[in-house]
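Chemist: Going down the list, the sequences are from chains C and L. Per the numbering used here, residue 1 is the first one in the first sequence, and the count goes up by one each step. Per the numbering used here, residue 200 is the first one in the second sequence, and the count goes up by one each step.
These are calculated hints, taken from the structure and not from any lab test. One should not assume that every hint holds.
Claimed, not checked - Label-pair restraints from in silico Cβ distances:
1. F204(L) with T24(C): 35 to 41 Å
2. E127(C) with K399(L): 22 to 28 Å
3. R429(L) with L8(C): 41 to 47 Å
4. K25(C) with W207(L): 46 to 52 Å
5. G317(L) with L90(C): 46 to 52 Å
6. W210(L) with A16(C): 37 to 43 Å
To be verified - With the C-beta cut set under 7 Å, the calculated list includes, among others, these residues of chain C facing chain L:
7. M1
8. W3
9. F4
10. L8
11. F26
12. D38
13. V43
14. Y45
15. S49
16. R60
17. P123
18. G126
19. V134
20. G172
Yeah, the Cβ is synthetic: ideal placement off N, Cα and C, and Gly gets one too.
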Amino acid sequence: MRWFFLILTLFAVMLAVGYGARGTKFSKPPFELFPDMDRQYKVKYQKPSEFFEDGSGARRPVVGTIPMGYQAPLNKKDTPVGSEYYRSGLFGDFYGDGFPEEVKVDAALLDHGRRRFQIYCTPCHGESGNGQGVVAKYWLIPPTANLVDPRVKALPDGQIFWTITHGKGLMGPYSGAVPIADRWAITAYVRALQGASGN
Amino acid sequence: MGNPFPRWTNWLPVQIVICLGALGTVVTAWVWYTWTPKYTRVGYQPNQPIPFDHTIHAGQVGMDCRYCHSFVENSAHSNVPNAQVCWNCHGPGKVKSDSPKLEPLRQAMDTSNSNYTGAPIRWVQIHETPDYAYFNHSAHVNRGVSCVECHGKVNEMPVVYHAKPLSMGFCLDCHRNVESHLRPLDEITNLDWEAHDLDKDQFYAYLAEKTGKPADDLKEADKNKELNARLVGARLKEMMNVNPPQDCAACHR
Numbered sequence: 001m002r003w004f005f006l007i008l009t010l011f012a013v014m015l016a017v018g019y020g021a022r023g024t025k026f027s028k029p030p031f032e033l034f035p036d037m038d039r040q041y042k043v044k045y046q047k048p049s050e051f052f053e054d055g056s057g058a059r060r061p062v063v064g065t066i067p068m069g070y071q072a073p074l075n076k077k078d079t080p081v082g083s084e085y086y087r088s089g090l091f092g093d094f095y096g097d098g099f100p101e102e103v104k105v106d107a108a109l110l111d112h113g114r115r116r117f118q119i120y121c122t123p124c125h126g127e128s129g130n131g132q133g134v135v136a137k138y139w140l141i142p143p144t145a146n147l148v149d150p151r152v153k154a155l156p157d158g159q160i161f162w163t164i165t166h167g168k169g170l171m172g173p174y175s176g177a178v179p180i181a182d183r184w185a186i187t188a189y190v191r192a193l194q195g196a197s198g199n
Numbered sequence: 200m201g202n203p204f205p206r207w208t209n210w211l212p213v214q215i216v217i218c219l220g221a222l223g224t225v226v227t228a229w230v231w232y233t234w235t236p237k238y239t240r241v242g243y244q245p246n247q248p249i250p251f252d253h254t255i256h257a258g259q260v261g262m263d264c265r266y267c268h269s270f271v272e273n274s275a276h277s278n279v280p281n282a283q284v285c286w287n288c289h290g291p292g293k294v295k296s297d298s299p300k301l302e303p304l305r306q307a308m309d310t311s312n313s314n315y316t317g318a319p320i321r322w323v324q325i326h327e328t329p330d331y332a333y334f335n336h337s338a339h340v341n342r343g344v345s346c347v348e349c350h351g352k353v354n355e356m357p358v359v360y361h362a363k364p365l366s367m368g369f370c371l372d373c374h375r376n377v378e379s380h381l382r383p384l385d386e387i388t389n390l391d392w393e394a395h396d397l398d399k400d401q402f403y404a405y406l407a408e409k410t411g412k413p414a415d416d417l418k419e420a421d422k423n424k425e426l427n428a429r430l431v432g433a434r435l436k437e438m439m440n441v442n443p444p445q446d447c448a449a450c451h452r
């Protein structure tokens, strides 16, 4: 009896030490007791796939098509959503000015533009667009553009849109993260900031 | 005829029962403690190809989660950012562009790098629901559920780990008692938000604006109450008519 309890206590201590407390950090994938249907053989978001030659699960749409519910990612001439100006900010080879007919500039659009601006642009351009965002402090060479500067104010709307889409100089393109409608909303909000700045 | 069994054996059956009981207790305790996602998942912290630090980016630099997890509001899946997003700030001549920690990023993006492959960075997924359960981010974050409810304080994690069990029980605990878990939609990505930070007047103005009806009667009813998570949640639930599903087919479809 005594021996049994001694061994049992030892066993319990070993379990406790060996398994540790809940929430302990570990780096091996979590154990799954019955993994039957947990990981099914199908392509999932942002996952690699051995089925395709290039190893990528995400496929590009066939040229000239758009998946349902999506907008044209770039200003490809062959994608059928919206006017060309709406998609590219360009009329032919020139930046257009004014907002395309697909965009209705109203308080709701500006409000949406403000939210998007505060997510994607403030880290560098700052809340007020003056180019003094947090990251600007870490930036080495040329200063981040001051969006409320008269020079930028004079740029056509299409060029602001185009810059968000393709980037400029040190600024990267934001077409991947910001859909077209949001880019126009941000453009409208940048205009509002410029108006409010009094420059 | 003598007794073939010595006297002490009289107690043997009782002893066996006691021992088995004790053993059973230990084993049960062990199973109870470890055979649960609270044990098997919480704390999972895989090694990532780049030691990406949320305390720098979401904390110090103050980036919104959606700068990187940009489709969390529009899609079932919350994306991990592509290399271009990092390149915006860590490209040549920019922030820490020579850091050895960023070597995998340069391999993915920098065409002048001798090791350039152009292959995406292989981040290890931490939170992963089984494929038989359906989960949708946009259904939650657009209805007032913050990231912190399911992922913990990511903005304070130098390395992300699995902070909540995300088991079926965990999902249902909230679905059955959603009042204590809702917040105004502007605060979804503000993980440090507390209900009592809210300004009372602003909150009722927000309700009025969202519903398009004056919220004076609600304000009057809550006059003597402090704004706590439950009260705010209850008002928001009413306002947005939040009603999380509890039937099996909602998640196992």
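Chemist: So, for every hint listed, does it hold in this structure?
Modeler: Results for each hint:
Checked against the hint of 35 to 41 Å, the pair F204(L) and T24(C) fails, with Cβ atoms roughly 49 Å apart. As the Cβ distance of E127(C) to K399(L) is approximately 25 Å, the hint placing it in 22 to 28 Å holds. Here the CB-CB span from R429(L) to L8(C) is close to 45 Å, well matched to the stated 41 to 47 Å. Distance hint for K25(C) and W207(L): a CB-CB separation of about 50 Å, consistent with the stated range 46 to 52 Å.
Restraint check, G317(L) to L90(C): a C-beta distance of roughly 28 Å breaks the suggested window 46 to 52 Å. For W210(L) and A16(C), the Cβ-Cβ distance of about 30 Å falls outside the hinted range of 37 to 43 Å, so the restraint is violated. Here the hint on M1(C) is kept, as its CB sits about 6 Å from the closest CB of chain L, short of 7 Å. The interface hint given for W3(C) is broken, as the beta carbon of that residue sits about 10 Å from the closest beta carbon of chain L, more than 7 Å.
The criterion of a C-beta within 7 Å of any C-beta in chain L is met by F4(C), whose closest approach is roughly 5 Å, and the hint holds. The beta carbon of L8(C) comes within 6 Å of a beta carbon in chain L, closer than 7 Å, and the hint placing it at the interface holds. Taking 7 Å as the C-beta contact cut-off toward chain L, the hint placing F26(C) at the interface holds, the least distance being around 6 Å. Look at D38(C): its Cβ gets to within about 4 Å of chain L, closer than 7 Å, so that hint holds up.
Contact between V43(C) and chain L, as hinted, is not supported at the beta carbon level, the nearest pair being about 11 Å apart and thus beyond 7 Å. With 7 Å as the threshold, the beta carbon of Y45(C) comes within range of chain L, its nearest partner Cβ sitting at about 4 Å, so the hint holds. Contact between S49(C) and chain L, as hinted, is not supported at the beta carbon level, the nearest pair being about 13 Å apart and thus beyond 7 Å. The interface hint given for R60(C) is violated, since its Cβ lies 14 Å from the closest Cβ of chain L, which is over the 7 Å cut-off.
Interface restraint check for P123(C): the shortest CB-CB distance to chain L comes to about 5 Å, inside 7 Å, so the restraint holds. With 7 Å as the threshold, the beta carbon of G126(C) stays out of range of chain L, its nearest partner Cβ sitting at about 11 Å, so the hint is violated. With its C-beta approaching chain L no nearer than about 5 Å, V134(C) sits inside the 7 Å limit, and its interface hint holds. For G172(C), the suggested interface contact is upheld, since its CB lies about 4 Å from the closest CB of chain L, less than 7 Å.
In the structure shown, a violation is registered for the earlier hints numbered 1, 5, 6, 8, 13, 15, 16, 18, in ascending order.
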